[in-house]
Amino acid sequence: NAGVTQTPKFRILKIGQSMTLQCTQDMNHNYMYWYRQDPGMGLKLIYYSVGAGITDKGEVPNGYNVSRSTTEDFPLRLELAAPSQTSVYFCASSYAPLAGGFHEQYFGPGTRLTVT
Amino acid sequence: KNEVEQSPQNLTAQEGEFITINCSYSVGISALHWLQQHPGGGIVSLFMLSSGKKKHGRLIATINIQEKHSSLHITASHPRDSAVYICAAVLQSYNTDKLIFGTGTRLQVFP
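Chains A and B supply the protein sequences, listed in that same order. Just so we're aligned: 106 in this note's numbering is position 106 of the first sequence, and the numbers increase by one with no gaps anywhere. Just add 116 to the spot in the second sequence (first one is 1) and you have this note's numbering.
These are calculated hints, taken from the structure and not from any lab test. A few of these clues could be false.
[Said to hold, decoys possible] Pair by pair, the computed Cβ-Cβ distance ranges are: (1) A/A82 - B/E131: 40 to 46 Å; (2) B/N180 - A/T70: 37 to 43 Å; (3) A/N62 - B/H154: 28 to 34 Å; (4) A/T7 - B/E131: 45 to 51 Å; (5) B/G132 - A/S67: 46 to 52 Å; (6) A/T70 - B/G158: 23 to 29 Å; (7) B/S167 - A/M41: 37 to 43 Å; (8) B/E133 - A/G40: 24 to 30 Å; (9) A/K14 - B/E183: 20 to 26 Å; (10) B/T128 - A/V50: 39 to 45 Å; (11) A/D73 - B/T191: 36 to 42 Å; (12) A/G40 - B/G132: 27 to 33 Å; (13) B/G173 - A/K14: 24 to 30 Å.
From the three backbone atoms N, C-alpha and C, an ideal C-beta is built for every residue, glycine too.
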């Protein structure tokens, strides 16, 4: 299993440009998450999904959009990039059984994004 | 005040030393997650625990739910343990479990 993969690893955007960060997992996990990590701060949840076709906002969703058309893929879209979106972005996935209970999250390698 | 606080923020040790990293939280949780972030940036799950103690190799994690405190111990530390260690509180909500992350403890182990 490749686990959670993210592309690209690095990207520089100009202010106002748009891009999509790709995330794919091959563990058949139902839950997927997008986080951002700013220097000196803990990871913050941007969006999450509990299954294909279902997404919801996290703590810091402004300026981002997501979709979940398949179990495997959970792309994050940045529209009109701003310098405040300069950060490292992590995708994660976990398996949550219907009966409840928490299972550990598996993280992708991250995408380092700079907006100038 | 952050809901999840870690101490110390930075830690330097000599190879072989016993390391303790602390995590305190102010919210009700269902579990606590310890993660390791490598110098290259990748994040790996170490432990998820809701009570007592867990051990994996030289790593031991403990949690005291009443005191809202968890510790991560590393025995016989090695330079390859150098990384940022992150604790995250697991909050159960109606449709998903959300993590609130500490800001991490940067550990450097010198030979």
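Hint check results:
no.: 1; hint: A/A82 - B/E131: 40 to 46 Å; verdict: holds, 44 Å
no.: 2; hint: B/N180 - A/T70: 37 to 43 Å; verdict: holds, 42 Å
no.: 3; hint: A/N62 - B/H154: 28 to 34 Å; verdict: holds, 30 Å
no.: 4; hint: A/T7 - B/E131: 45 to 51 Å; verdict: violated, 37 Å
no.: 5; hint: B/G132 - A/S67: 46 to 52 Å; verdict: holds, 50 Å
no.: 6; hint: A/T70 - B/G158: 23 to 29 Å; verdict: holds, 24 Å
no.: 7; hint: B/S167 - A/M41: 37 to 43 Å; verdict: violated, 29 Å
no.: 8; hint: B/E133 - A/G40: 24 to 30 Å; verdict: holds, 26 Å
no.: 9; hint: A/K14 - B/E183: 20 to 26 Å; verdict: violated, 50 Å
no.: 10; hint: B/T128 - A/V50: 39 to 45 Å; verdict: holds, 41 Å
no.: 11; hint: A/D73 - B/T191: 36 to 42 Å; verdict: holds, 41 Å
no.: 12; hint: A/G40 - B/G132: 27 to 33 Å; verdict: holds, 30 Å
no.: 13; hint: B/G173 - A/K14: 24 to 30 Å; verdict: violated, 46 Å
Checked against the numbered hints listed earlier, the structure breaks hints 4, 7, 9 and 13; every other hint is satisfied.
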